[in-house]
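Enquirer: Once you have looked at the hints, place chain H on chain A.
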Amino acid sequence: MAKGAALLTMIALLPPACAAAQQPRDKLVSLVRQDCGSCHGLTLKGGLGPALLPPNLAGKSVEGLAAIILDGVPGTPMPPWRGELSPEDARWIAQELKEGFPQ
Amino acid sequence: MKRRAFLGAGLAAGALFASNAGGRAEEPAPRATGCLGLIVERASGSVLLIDNVRRAALGRIEGLGDLSHATAVFSPCERYAYVFGRDGGLTKLDLLESRIEKRVLQSGNSIGGAISDDGRLIAVANYTPGGVNIFDADALAQAASIPALGADGKASKTVGIVPLPGRRFIFSLYDAGEIWIADFGDGATPKLTKFANAGRLPYDGNVTSDARHYLAGLFGEDGFAHIDLWAPELKCERVAQNYFGGQQRLPVYKMPHLEGWGQSAGELLLPACGAHEVLAIDLQTMALKKRIPTHGQPVFCVARPDGREVWVNFAHPLNDIVQIIDVPTLDVVHSFAPGPGVMHLEFTPRGNEIWISARDADRVVVMDVRRREKIAEIPAQKPSGILFASRAHRLGG
Numbered sequence: 001m002a003k004g005a006a007l008l009t010m011i012a013l014l015p016p017a018c019a020a021a022q023q024p025r026d027k028l029v030s031l032v033r034q035d036c037g038s039c040h041g042l043t044l045k046g047g048l049g050p051a052l053l054p055p056n057l058a059g060k061s062v063e064g065l066a067a068i069i070l071d072g073v074p075g076t077p078m079p080p081w082r083g084e085l086s087p088e089d090a091r092w093i094a095q096e097l098k099e100g101f102p103q
Numbered sequence: 104m105k106r107r108a109f110l111g112a113g114l115a116a117g118a119l120f121a122s123n124a125g126g127r128a129e130e131p132a133p134r135a136t137g138c139l140g141l142i143v144e145r146a147s148g149s150v151l152l153i154d155n156v157r158r159a160a161l162g163r164i165e166g167l168g169d170l171s172h173a174t175a176v177f178s179p180c181e182r183y184a185y186v187f188g189r190d191g192g193l194t195k196l197d198l199l200e201s202r203i204e205k206r207v208l209q210s211g212n213s214i215g216g217a218i219s220d221d222g223r224l225i226a227v228a229n230y231t232p233g234g235v236n237i238f239d240a241d242a243l244a245q246a247a248s249i250p251a252l253g254a255d256g257k258a259s260k261t262v263g264i265v266p267l268p269g270r271r272f273i274f275s276l277y278d279a280g281e282i283w284i285a286d287f288g289d290g291a292t293p294k295l296t297k298f299a300n301a302g303r304l305p306y307d308g309n310v311t312s313d314a315r316h317y318l319a320g321l322f323g324e325d326g327f328a329h330i331d332l333w334a335p336e337l338k339c340e341r342v343a344q345n346y347f348g349g350q351q352r353l354p355v356y357k358m359p360h361l362e363g364w365g366q367s368a369g370e371l372l373l374p375a376c377g378a379h380e381v382l383a384i385d386l387q388t389m390a391l392k393k394r395i396p397t398h399g400q401p402v403f404c405v406a407r408p409d410g411r412e413v414w415v416n417f418a419h420p421l422n423d424i425v426q427i428i429d430v431p432t433l434d435v436v437h438s439f440a441p442g443p444g445v446m447h448l449e450f451t452p453r454g455n456e457i458w459i460s461a462r463d464a465d466r467v468v469v470m471d472v473r474r475r476e477k478i479a480e481i482p483a484q485k486p487s488g489i490l491f492a493s494r495a496h497r498l499g500g
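If you're matching them up, the sequences are chains A and H in order.
At position 14 of the first sequence (counting the first as 1) the number is 14 in this note's numbering, and the numbers step up by one without a gap.
Add 103 to a position in the second sequence, counting from 1, and you land on the number used in this note's numbering.
Note that these hints are calculated values from the structure, not bench results.
Positions of the beta carbon are idealized from the N, C-alpha and C atoms, including for glycine.
Careful: at least some of the hints might be erroneous.
What the hints assert, rightly or not - Computed beta-carbon distance windows for the label pairs: (1) G137/H to A67/A: 48 to 56 angstroms; (2) A334/H to G83/A: 41 to 49 angstroms; (3) L208/H to K27/A: 31 to 39 angstroms; (4) G348/H to G83/A: 22 to 30 angstroms; (5) K27/A to G137/H: 40 to 48 angstroms; (6) Q103/A to L295/H: 36 to 44 angstroms; (7) L433/H to G83/A: 27 to 35 angstroms; (8) K60/A to P232/H: 21 to 29 angstroms; (9) E476/H to D71/A: 42 to 50 angstroms; (10) G83/A to Q245/H: 38 to 46 angstroms; (11) E99/A to E476/H: 43 to 51 angstroms.
In isolation and in its complexed conformation, chain A is listed as follows:
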């Protein structure tokens, strides 16, 4: 009985099928450095994609940047990350990018 209830809460906590679960911070840091880094540079100073350092993002809102991260920029190489990142992940990344992304 107790076991069944625990299972139920777990299921309730699971995100809907298409959205990605929130990920541990160190995994996100590594994803941004390594996989975003393949276009934006490991140090985020830019590459095929623009620099993502605080001065470059100063005038841009966290919400706006998070939307770009989730949905990409159609017609450009910036891909949508929605399948892999939750909205919380994207907001956290956008916030950290604006403040200076952790190593």
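Expert: Frame of chain A; chain H shown alone:
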């Protein structure tokens, strides 16, 4: 000693350096460079100097700056490597001495480079501020600068730079969608030949080993830009157009590379952009011959030096698998998992062995190619590119 931290201390290192960690004064043995190479350690700004006959790391050279996406070319004597870093750094390494010979910060942000056929000029393709910078290969003094202003007058990122015979370089302008040839045959002032309207957003380019076919992959279009460099009148045309046949392109998490592409038996095997496919193009007709379904979106399609097989790695998040395509049948015949985060593959010059970097396992795996079995492992910090000095004598990129 910092730049020379030894790894395989007991291995070949002693023979390579006059005084080794043991402090004994040793005469360095005569030494060749044909079996040497570099492994780029992208996160730590260092490279491992390796010996691909002994299958060992000889030492680590540090202080090369931001090496994400770094690549290197080699001098004709195979003694020097020129490493192109993301931070615009151009570093000349002495492979015999295992040290940095010279280093210049040549631009804000670069992507790759090439060495002229005579070994005298190093060309660096830049993202910021764009354009191509040319350096003297000895002193790394700047010899020329080619701003890449497209027909629209805007500065463009340059990509896909490779050498052509006769002190020439060919490259693509990402933003402007053009292809240019810079001819240094008459000295330091290049003669430029420009092909406008090559195609939208070329992301990389390469030339076949006969220096005949230059192709640029297009992000903004369904196809490739092509120049037949043997034609009496050069012109740029689209080839393999509509390779998607109306199908939706998948989001691209890592841009495919044309370096090392599978050129073999009258065909070219290339990564599709935005599909789980390798494309086979007929080099006679330049028509698409087959779309080969693969495990993920291909990044590198590297031909075994004899051309019989093409080994392919894939983009995030399917980057733990390598697949082998049999060229006569154009089918995938083998898949294996060398480790997480496969970044690059490099065959030994005769194709008996292959080195594969597994970034997320901090190691490089060495495999026997015929048996397809692992024979050695080299620890490395976040390894990406593997570049052997024998590239010095390879035509095409």
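Enquirer: It remains to establish, for every hint, whether it holds in the given structure.
Expert: Okay, the hints, checked on the actual structure:
no.	hint	result
1	G137/H to A67/A: 48 to 56 angstroms	holds, 53 angstroms
2	A334/H to G83/A: 41 to 49 angstroms	holds, 44 angstroms
3	L208/H to K27/A: 31 to 39 angstroms	holds, 33 angstroms
4	G348/H to G83/A: 22 to 30 angstroms	holds, 24 angstroms
5	K27/A to G137/H: 40 to 48 angstroms	holds, 42 angstroms
6	Q103/A to L295/H: 36 to 44 angstroms	holds, 42 angstroms
7	L433/H to G83/A: 27 to 35 angstroms	holds, 30 angstroms
8	K60/A to P232/H: 21 to 29 angstroms	holds, 22 angstroms
9	E476/H to D71/A: 42 to 50 angstroms	holds, 44 angstroms
10	G83/A to Q245/H: 38 to 46 angstroms	holds, 45 angstroms
11	E99/A to E476/H: 43 to 51 angstroms	holds, 48 angstroms
In summary, the structure agrees with every hint in the numbered list given earlier.
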